[in-house]
Every structure is written in C-alpha cells, then in structure tokens.
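S.K.: Sequence:
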Amino acid sequence: MLRTKCARCTIIKFPFSSIEKYASHIGILKYFAFKPFVIQDALRRYGTIIYADSSVRFNSNSFNPVLIDNYIRGFAVRELPGHFLSCFTHTDTFTWFNQSYRNFESIYIAEAGFLVVTDTFLTRLIMKAWLTCALESDCLITHQSRTKCKETSSSKHRYDQSAMIIILTYFFFQGNKETWGDQKLNDPAPYDMFTSVPKNLGDIIRGAYEQYYLSRKQNS
2 MLRTKCARCT
12 IIKFPFSSIE
22 KYASHIGILK
32 YFAFKPFVIQ
42 DALRRYGTII
52 YADSSVRFNS
62 NSFNPVLIDN
72 YIRGFAVREL
82 PGHFLSCFTH
92 TDTFTWFNQS
102 YRNFESIYIA
112 EAGFLVVTDT
122 FLTRLIMKAW
132 LTCALESDCL
142 ITHQSRTKCK
152 ETSSSKHRYD
162 QSAMIIILTY
172 FFFQGNKETW
182 GDQKLNDPAP
192 YDMFTSVPKN
202 LGDIIRGAYE
212 QYYLSRKQNS
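Last residue of the sequence shown: 221 in my numbering, with the numbers rising by one and none dropped.
FYI, nobody ran anything at the bench for these hints, they're computed from the structure.
Where hints are given, some of them may not hold.
Here are the computed lysine-lysine pairs in the DSSO-like style, where the Cα-Cα straight-line distance is at most 27 Å [stated by the list, open to error]: (1) 129 with 22; (2) 129 with 31; (3) 31 with 149; (4) 14 with 129; (5) 31 with 157; (6) 129 with 157; (7) 14 with 31.
All chains, please: the whole structure from these sequences, using the hints.
M.R.: Structure, rendered in structure tokens:
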C-alpha cells in the first residue's frame with residue numbers, strides 16, 4: 002500500500018534476522034533496540050537526517066534553522082523539562098555505563114522519537130555508544146532492576162531513550178542548575194533542539210486515526 006500511494010517514498014526493509022544472530026531482543030519492538038540502527042543506516046546514506054516516529058505529526062516544514070545549526074551541534078533532541086532522567090531509567094542501565102542514578106537526578110530526559118542528526122566525528126562516537134548499548138540486553142532492557150529518583154521509584158524505563166540521554170551527557174556539558182524558591186530550574190542542554198528552534202515543529206500523537214493517511218490529494 003505504501004509503495005502504491007507514495008511514489009516518492011524509499012522503502013528499506015529492516016534486517017531483523019541478521020541482527021538477531023547477535024542480539025535476540027532486537028525484534029521485540031517495545032524495546033526500540035532497532036532505532037539506533039535505523040538512524041545509523043540513514044546517516045550513512047544521507048549525511049543529515051530528521052528522524053520521527055510514526056506518532057509524530059509535523060506542524061511546520063521550516064526545518065532549515067535546526068538543520069543549519071546542527072552542522073555544528075551534530076545531534077539535536079527535544080528536552081522534556083520536569084521529567085528527570087533518573088526517574089525513567091533502570092539503575093542497571095546506569096551501572097552498565099559505570100554511573101550512578103544519583104548523578105542524573107537533575108538532568109532532564111529528552112524525546113527519542115523526534116531528533117535531528119548530522120554525520121560528524123562527534124556524532125559517530127555518540128552513535129557507536131548507542132548501537133553498542135542496543136546490542137546488549139544488560140544495557141537496554143535490564144529486567145532485574147527498577148527506576149529510582151527523588152520523586153518516585155516506579156516510573157517506566159524508557160529503553161533507547163534512556164540510553165541516548167546518558168550518552169549525550171558524556172559528550173555535551175549540561176545546562177546550569179539553579180534554584181528559585183522551591184523550584185529547580187535547568188538551562189537547556191546544548192543538544193536541546195529548542196535552543197535553535199523556539200517553536201514546536203511537531204507533536205507526538207499516539208494512537209491517532211489519520212483519515213487521509215496516504216490518500217490522494219484532492220484538487221481544489
């Protein structure tokens with residue numbers, strides 16, 4: 002259907018069977034271990050990519066500011082203020098990276114479903130670490146541990162998303178942490194897309210029905 006309705010689409014079949022020889026969990030879609038492989042393959046083909054999950058609905062096609070900025074930055078995501086990484090990441094994932102969850106209690110998690118990546122030396126280091134984690138179930142999945150943070154101990158582990166932010170903190174300095182009254186305020190991290198694109202380029206809308214998805218454009 003996609004090939005019929007979208008003549009300009011390039012359809013690439015993901016090689017699950019080839020990777021499952023080394024990582025049997027790669028085919029379990031809820032773990033999102035496939036995502037860094039999709040991004041790496043697209044980077045190899047095109048050099049600069051905008052990655053979006055199927056749940057993303059674009060509000061604008063004004064991507065030039067973030068694309069131009071990304072030639073310097075290399076990797077851009079959207080931070081989620083008020084959502085701290087330690088609350089959404091199993092402790093064993095931090096251990097795999099030789100870190101403690103306590104070091105990340107003031108770091109915001111960011112979306113992994115909408116990002117911009119440019120092939121640079123820095124990005125290759127980031128992607129190598131992300132791909133390595135995706136191949137290791139002890140890094141990405143960690144069934145035997147839980148999340149821990151000041152606010153809660155039962156938030157959901159975010160798999161690829163959690164690993165991505167831990168890795169980004171290795172290569173980018175974090176924003177300044179400040180306290181204003183009872184509030185903790187974080188300046189945006191340098192990989193936060195909103196530092197170069199103040200408006201919302203797209204929304205994540207899961208489970209939404211698209212009436213005109215892949216339908217022919219009507220003549221006005």
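S.K.: Now look at each hint and say whether the structure bears it out.
M.R.: How the hints compare with the structure:
Taken as a hint, the residue 129 and residue 22 pair is honoured in the structure, with Cα atoms around 19 Å apart against an allowance of 27 Å. Between the alpha carbons of residue 129 and residue 31 the distance comes to roughly 21 Å, so the proposed pair stays at or under 27 Å and holds. With a C-alpha separation of about 21 Å, the suggested pair residue 31 and residue 149 falls inside the 27 Å cut-off, and the hint holds. Our distance criterion of 27 Å between C-alpha atoms is met by residue 14 and residue 129, whose separation comes to about 22 Å.
A threshold of 27 Å between alpha carbons decides the hint, and for residue 31 with residue 157 the separation of about 12 Å falls inside it, so the pair holds. With a CA separation close to 25 Å, the supplied pair residue 129 and residue 157 stays within the 27 Å bound. With a C-alpha separation of about 18 Å, the suggested pairing of residue 14 with residue 31 holds against the 27 Å cut-off.
Hint violations for this structure: none, all hints satisfied.
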